[in-house]
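Each residue of the sequence shown is one higher than the one before, counting from 26 in this note's numbering.
The hints are simulated quantities; they were obtained by calculation from the structure and are not laboratory data.
Model, not experiment: these values are computed from the prediction.
Treat each hint with caution, since some may be false.
[Claimed, not checked] In silico lysine-lysine, DSS-like type, Cα no more than 27 Å apart, as pairs:
#1 K98 - K46
#2 K31 - K98
#3 K46 - K181
#4 K173 - K46
#5 K181 - K98
#6 K31 - K181
#7 K98 - K173
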Amino acid sequence: MNCWVKECSLRVPSYHTTGGKIFFAIELTRRHTRASTSSSVSSMRQSIQSNASSQVDHRVTYRSYSQFRELWKALGDYQQAIPSSQQQRQRRNTIDRVRSRLAMTGMRGAANSCRCDGNGKCRFEGLRHVARVFPFPSRCPHFVTQSKAMLNTRRKALETFIREVQAYFATFSDNELRAATLTNSECAVLHTFAAFLQADVHFPTITTPSGAKIPHQPLGLQGWRQQCADQMMMSDDDAQAPANSSSASNRFSQRATLLTEALEKERLSMRASLPVLQVQTVKVETMYTFLEEFCDHQQYGATRAARRSSKGGEM
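Please put together the full structure from these sequences, using the hints given.
Here it is in structure tokens:
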């Protein structure tokens, strides 16, 4: 497990103006690499595993020129050749402000840890020389800094500066970097650089039950991709396709049959619940007798009309 310092690539690709102030975009690109544990059976599976074995994260942090300059002074403890008393106070106030900010966030360690107090106790003492000899871009009048050529020149210089700082930290071993970042009392120098890039926000750490901190890795989909590769390599995929379609059609026909039977049962039950009209057969001889029978049926009812018709026939 490498430290984010060695896994990330830094660049300043652009700048933006917000509220009349210019901010430079710092792009952090980190690649997570995982070793593949399963054996490959084909070139297709190997390509899928190679794509699944690495993940790339892109993060962006926005910083102004003043914040870049404050970082440069804090890391290099910069001093001018002949500083005045006022300039010394301003420089000291800037450095004290950064250190007090670190102290408030709990970045100072115990007596046996790195205090980064400038007395040779920090393992990254050589970073002072790197920051001091770097030709940091000087301040310019406001009308000059608004030109695109000047802003692009400043952007490239600031990109070179953070890359120089990263290259210095990358010269240390992984154990030394982990010791400075994964202990309870983190190194203030390395954390100042990480806080400036917002690396602690973009690449957070999680705490193990033993109390140690490890970088939080994003959710991996290697198992899912491996399963997809296994399915693609199965020889009976083509034969399974029509079988799957036929089984789907069978399920659909079964559901249609059940629905038809249910509708038929409902129709029969509704028919059984309706009343049945019983009409007796009436013998019609002529139109005159039919009208008489109809009038008797309306006046006396069906039974009485039948009796009258039978009596009339006897007479």
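Cross-check of the supplied hints:
1. The straight-line distance between the Cα atoms of K98 and K46 is roughly 21 Å, inside the 27 Å bound, and the hint therefore holds.
2. Our distance criterion of 27 Å between C-alpha atoms is met by K31 and K98, whose separation comes to about 24 Å.
3. For the hint linking K46 to K181, the alpha-carbon distance of about 18 Å falls within 27 Å, and the restraint holds.
4. For the given pair, K173 sits about 14 Å from K46 by alpha-carbon distance, which is consistent with the 27 Å threshold.
5. Between the alpha carbons of K181 and K98 the distance comes to roughly 19 Å, so the proposed pair stays at or under 27 Å and holds.
6. In summary, the hint linking K31 to K181 is supported, as the alpha carbons are separated by about 21 Å, within the 27 Å threshold.
7. Distance hint between K98 and K173 is fulfilled; the C-alpha atoms sit about 26 Å from each other, no more than 27 Å.
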